[in-house]
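Can you build the whole structure from these sequences, using the hints too?
Single-letter residue listing:
Number of protein chains: 2
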Amino acid sequence: MSDPLPALRPGATIGILGGGQLGRMLALAGAKLGLKSHIYCPDPHSPAFDVTPFKTVAAYDDEAALRAFAAEVDIVTYEFENVPAATAELLASLKPLRPDANALAISQDRLAEKSFLASKNIPVAPYRAVHSLEELEAAVGELGLPAVLKTTRLGYDGKGQRVLRTQEDAAAAFAALKPHPLVLEGFVPFEKEISVVVARSADGTVRAYDPAENVHRAHILFTSTVPADVPAGVAKHAAMLAKVIVVALDYVGVLGVEFFVLGGERPSLLVNEIAPRVHNSGHWTEAVCLTDQFEQHMRAVAGWPLGDPQRYADVVMQNLIGDEVEIVPGGIGGDTQPHLYGKAEARPGRKMGHINRILRAN
Amino acid sequence: MSDPLPALRPGATIGILGGGQLGRMLALAGAKLGLKSHIYCPDPHSPAFDVTPFKTVAAYDDEAALRAFAAEVDIVTYEFENVPAATAELLASLKPLRPDANALAISQDRLAEKSFLASKNIPVAPYRAVHSLEELEAAVGELGLPAVLKTTRLGYDGKGQRVLRTQEDAAAAFAALKPHPLVLEGFVPFEKEISVVVARSADGTVRAYDPAENVHRAHILFTSTVPADVPAGVAKHAAMLAKVIVVALDYVGVLGVEFFVLGGERPSLLVNEIAPRVHNSGHWTEAVCLTDQFEQHMRAVAGWPLGDPQRYADVVMQNLIGDEVEIVPGGIGGDTQPHLYGKAEARPGRKMGHINRILRAN
Chain A
1 MSDPLPALRP GATIGILGGG QLGRMLALAG AKLGLKSHIY CPDPHSPAFD VTPFKTVAAY
61 DDEAALRAFA AEVDIVTYEF ENVPAATAEL LASLKPLRPD ANALAISQDR LAEKSFLASK
121 NIPVAPYRAV HSLEELEAAV GELGLPAVLK TTRLGYDGKG QRVLRTQEDA AAAFAALKPH
181 PLVLEGFVPF EKEISVVVAR SADGTVRAYD PAENVHRAHI LFTSTVPADV PAGVAKHAAM
241 LAKVIVVALD YVGVLGVEFF VLGGERPSLL VNEIAPRVHN SGHWTEAVCL TDQFEQHMRA
301 VAGWPLGDPQ RYADVVMQNL IGDEVEIVPG GIGGDTQPHL YGKAEARPGR KMGHINRILR
361 AN
Chain B
1 MSDPLPALRP GATIGILGGG QLGRMLALAG AKLGLKSHIY CPDPHSPAFD VTPFKTVAAY
61 DDEAALRAFA AEVDIVTYEF ENVPAATAEL LASLKPLRPD ANALAISQDR LAEKSFLASK
121 NIPVAPYRAV HSLEELEAAV GELGLPAVLK TTRLGYDGKG QRVLRTQEDA AAAFAALKPH
181 PLVLEGFVPF EKEISVVVAR SADGTVRAYD PAENVHRAHI LFTSTVPADV PAGVAKHAAM
241 LAKVIVVALD YVGVLGVEFF VLGGERPSLL VNEIAPRVHN SGHWTEAVCL TDQFEQHMRA
301 VAGWPLGDPQ RYADVVMQNL IGDEVEIVPG GIGGDTQPHL YGKAEARPGR KMGHINRILR
361 AN
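Going down the list, the protein sequences come from chains A and B. Position 115 of the first sequence, counting from 1, maps to 115 under the numbering used here, and the rest follow consecutively. Position 263 of the second sequence, counting from 1, maps to 263 under the numbering used here, and the rest follow consecutively.
These are computed hints drawn from the structure, not numbers from a lab. Watch out, some of these pointers could steer you wrong.
Since the list gives no way to pick one copy over another, a pair counts as held whenever it fits inside one copy or between any two copies.
[Stated by the list, open to error] Capping the alpha-carbon separation at 25 Å, the derived lysine to any residue pairs in SDA-like fashion look like this:
{"no.": "1", "residue 1": "236", "residue 2": "56"}
{"no.": "2", "residue 1": "95", "residue 2": "330"}
{"no.": "3", "residue 1": "178", "residue 2": "272"}
{"no.": "4", "residue 1": "120", "residue 2": "165"}
{"no.": "5", "residue 1": "351", "residue 2": "11"}
Written out as structure tokens, the structure is:
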């Protein structure tokens, strides 16, 4: 599909739905490109508001506010995939929306996402749609146990899912998880998780960053290490699959793809999920790439040429959760680049910032 | 001198005098550290205002505004050396000022600067203070011709100076340049200009970036290339001299030092001038250092540990003057990192942005 929109000029305004740390980092990257950001977020204390000239505090279903927002921006993007479909459609009718509403629709629904990926021959874990307890029991019979029952929408950081270990777990899990339908995923004995941040420009150029190896703690990303400890062929395959996905979606912007690496003599990959936005596991790009994922996304949505995802050093990104943020400033000498999000209160489980540590210069 | 001020906590506010591109880049760097910036600038269209939560639009001699500003910030720094002495003294009486008023007083007066440098055995070009035409004629006799007559204050980008080629040039130049006294500098047959950006933390740690080789065009910095094409001993000597200067000043923050490299079998160095702030010839650090000069300055003034000035690649920084800014977005693919300053109007001679181009990865 050709894209008739001309490149934005410096000084243009990019509307960003969502005012959390990802929106904030997008706005900071935009500022360096001479692009102004207008953050739209219902939370008046959104950290992104501190770094942008324009803001709207309004609900995502406030049609008047959305129309006013659209009138003031040249293009609209977002920092989270759970933008309501009606919001996306309204905005897309008023201004270019990048990535588009289709990318949102697919990535915010676990069944739609798996169906899309499978239709493109992208390997995913075995799964079944579950509309009823009877379907769940049949699915358990087909996929075996253990298996994971998940909501199709709004799951993140371990929320909205239950592990089924015995047949008896099924009814309670089915009752606990809402709304239906659900999706049952077969158990995948993966060795590790890796992820690829990939970008596609409006003219169809595709660039992928090196895969990161991700470690979670209490279902929240703890570290991303680059390079991932996988064979070169696996890293190349992951990048190739990520590129196939953005091409298949006719995507414009940065997208994160999480993979499970399955063990064995010939390691193989499954796609766990995709996120139509900059991704926590790509924060390492800030420290060691000429163009980081935030600048890359802003370049793409502005219709600009992509930058170089080349990596200058080995690096580990560590999230600072809750009071871990207190490592700053005492622990940030030498090899460490900190990035705090400007959140006032360090609540438990809250992502307050991250640090990038250089492991070895290339 | 010991510094009793404790390190600022994330969430603290740094007051910045000046709202141009340097203030803007400091504020952007501060945001990544979780530090808020309050920009004080008389120009309501200052580009830095777009990226900060707090701003004051007021004259630098508006005592009430300065007091209100000081009350709202935890520490004060600045993006330009021509902060009036009374402003600096008032602010320093209310909140910590970093770098301090002494650094300002020395660096904003060419005679005081040369006298300070000479007193520390830092080599400078031969010079004479010139209070009268008679003194000028005597100085020309001593230093020879050609020579350069300069104002002691407010000179930049070639403004406030005249080259004397003959005895007859003296009277006209003396009459044209104001205010008096002036300074006559002997002609220095330098081969090139290099500069070093150096930082000193509140606890006295000193770190220098690699020297950059600077090329000017119409008296405005055009490119800074790193590494500079000088012998390793010259690069080391330049870094050493820069470190001597910040130690002698009991300095806290980032400081730029411009050197002339004199030719001959054994190249030697003279200090041309110092700037008590982040420096245009240090913009390359953004692209290829884990900690760039802006983050380094904010770390230092916040009382935080310095970051690593290590360089990952060879790089050339090019200023975008006036309509050269139109290279963005068409010309920024691949190896180029752009940084625009968000200025609305591309007037001739105006610094609109810069680009960093990678020459070779290390």
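Practice item. Against the structure, test the hints numbered earlier, and report the numbers of the ones violated in rising order. Key: Numbers 1 and 4, in rising order.
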